[in-house]
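Peer 1: If you follow the hints, you should be able to join the two separate chains into one complex; please do so.
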Amino acid sequence: DAGVTQSPTHLIKTRGQQVTLRCSPKSGHDTVSWYQQALGQGPQFIFQYYEEEERQRGNFPDRFSGHQFPNYSSELNVNALLLGDSALYLCASSLPEYNEQFFGPGTRLTVL
Amino acid sequence: QKEVEQNSGPLSVPEGAIASLNCTYSDRGSQSFFWYRQYSGKSPELIMFIYSNGDKEDGRFTAQLNKASQYVSLLIRDSQPSDSATYLCAVNGLTGGGNKLTFGTGTQLKVEL
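Residue numbers (my numbering), protein chains in the order written: chain A, 21 to 132; chain B, 65 to 177.
Read the hints as simulated data drawn from the structure, not as lab findings. The beta carbon of each residue, even a glycine, is placed where N, CA and C say it ideally should be. Misleading hints may appear alongside valid ones.
Distance windows between CB atoms, simulated [unchecked claim]:
| no. | chain 1 | residue 1 | chain 2 | residue 2 | range |
| --- | --- | --- | --- | --- | --- |
| 1 | A | Leu-132 | B | Ala-132 | 43 to 53 angstroms |
| 2 | B | Arg-92 | A | Tyr-118 | 15 to 25 angstroms |
| 3 | B | Gly-118 | A | Glu-72 | 14 to 24 angstroms |
| 4 | B | Ala-132 | A | Asp-82 | 33 to 43 angstroms |
| 5 | B | Lys-106 | A | Asn-79 | 24 to 34 angstroms |
| 6 | A | Gly-23 | B | Ser-104 | 37 to 47 angstroms |
| 7 | B | Tyr-115 | A | Gly-23 | 19 to 29 angstroms |
Coverage of chain B stretches by chain A, computed from C-beta distances (three or more under 8 angstroms per stretch; other residues unrestricted) [as the list claims (entries may be wrong)]:
| no. | stretch |
| --- | --- |
| 8 | 100-113 |
| 9 | 166-177 |
Chain B on its own, in the form it takes in the complex (with noise of 0.2 angstroms):
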């Protein structure tokens, strides 16, 4: 079982609807989870993190974390064509003292007009 888990997509959905991306993890200790987009070629970018239990919301972006299922989510608004890349889930469990991030493989997001 791979550590943390994404589809890899590709995700289509039309202008202007919601994408929904969804992640798994086995580590029962994680204690912090990341979104990081990525565009083809580029680095990723930190664009959503939530540590607790529930939903985080910042602007078109809602993070959803559910400890208890080992379950966390992005949901982005109102989708436009530039939100289409890749959307890595990171996952990081603080042991070993470091906070080293353990990574899913992504998933595409393209977002059609």
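The following block holds chain A by itself, in its conformation from the complex (with noise of 0.2 angstroms):
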């Protein structure tokens, strides 16, 4: 049973330039959420997304953006990187009816 995957797992960027994350669910879940951890911090919700659709959104200005697609599969983007975006981004998938969230690995991002 596949767990939910993200790619890449490290990536290296610069300020002002922009940023596209992956995650595939883990198999039979059909909703993912996006969480930004910075060091020494609990995961902080940035959105979810059920059947393609942004279903609820934290406290995130509009240069994170995200996408799932028909697969269930979702992308992350983060326009303008700011040095304060520097942090391990983490997907977690889960059922609708379910509360539950199990996370991926994480893509560690660092902003230069």
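Peer 2: Structure, rendered in structure tokens:
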């Protein structure tokens, strides 16, 4: 049973650039959530996708956008990168009727 | 007031002892409660969830929920060095049409030989 996968594992960008992170949910799951985890902090909710629509959004600026594809995989896009965007980006998948969310290994983004 | 509060620790316990981790939350509408374990440099791993008041046991882990006091705890019996990690408490309020998780900052647990 394949778990949640994310790519790439690590990424280094410079300020002002754009980045796309990818996530494939756990087999059978159709809901994908994205979180940002800064060093020493708990994960912060960015947004959630279900049926290819943004279902819920956290307190993140419009520079953060996403997409969900018909196969339930998802992308997180961040434009105009800032130094403060350096963090571990986590994708979690779940079923819409259940609240348990399972995380992928994460993408470590460093903005220089 | 933070939405989900945890003592950052570190909490140090000897091997074989019971580790007690605590969490309080501010939203009385919260429905579901989760404990995640996160090893350094890794992603969070779901270890327990609880929806109803009372205790829920799974192996060496027991989750306790008291909605009236807005309090969740995790007990780890017979603590092992491999339990050394950061434990994240997360709460789901089912508001806004989705099921976002709100996390505390985590408690670092160290199990000493």
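Peer 1: Taking the hints in turn, state whether each one holds.
Peer 2: Structure-based check of all given hints:
1. Checked against the hint of 43 to 53 angstroms, the C-beta distance between Leu-132 (chain A) and Ala-132 (chain B) comes to roughly 49 angstroms, which is consistent with it.
2. Range check, Arg-92 (chain B) to Tyr-118 (chain A): Cβ separation about 22 angstroms, and the 15 to 25 angstroms hint holds.
3. Checked against the hint of 14 to 24 angstroms, the pair Gly-118 (chain B) and Glu-72 (chain A) fails, with Cβ atoms roughly 39 angstroms apart.
4. Between Ala-132 (chain B) and Asp-82 (chain A) the C-beta distance comes to about 40 angstroms, which sits within the given range of 33 to 43 angstroms.
5. A C-beta distance of roughly 26 angstroms is found between Lys-106 (chain B) and Asn-79 (chain A), which places it inside the suggested range of 24 to 34 angstroms.
6. Here the CB-CB span from Gly-23 (chain A) to Ser-104 (chain B) is close to 20 angstroms, at odds with the stated 37 to 47 angstroms.
7. Range check, Tyr-115 (chain B) to Gly-23 (chain A): about 23 angstroms between beta-carbon atoms, so the 19 to 29 angstroms window is met.
8. Proximity of the stretch 100-113 of chain B to chain A, defined as three or more residues with a beta carbon under 8 angstroms from a beta carbon of that chain, is established by the 7 residues found.
9. Figure legend: the stretch 166-177 of chain B, annotated as covered by chain A; annotation consistent (5 residues with Cβ-Cβ distances under 8 angstroms, at least 3 required).
Going down the numbered hints, you'll see the structure goes against 3, 6, while the others check out.
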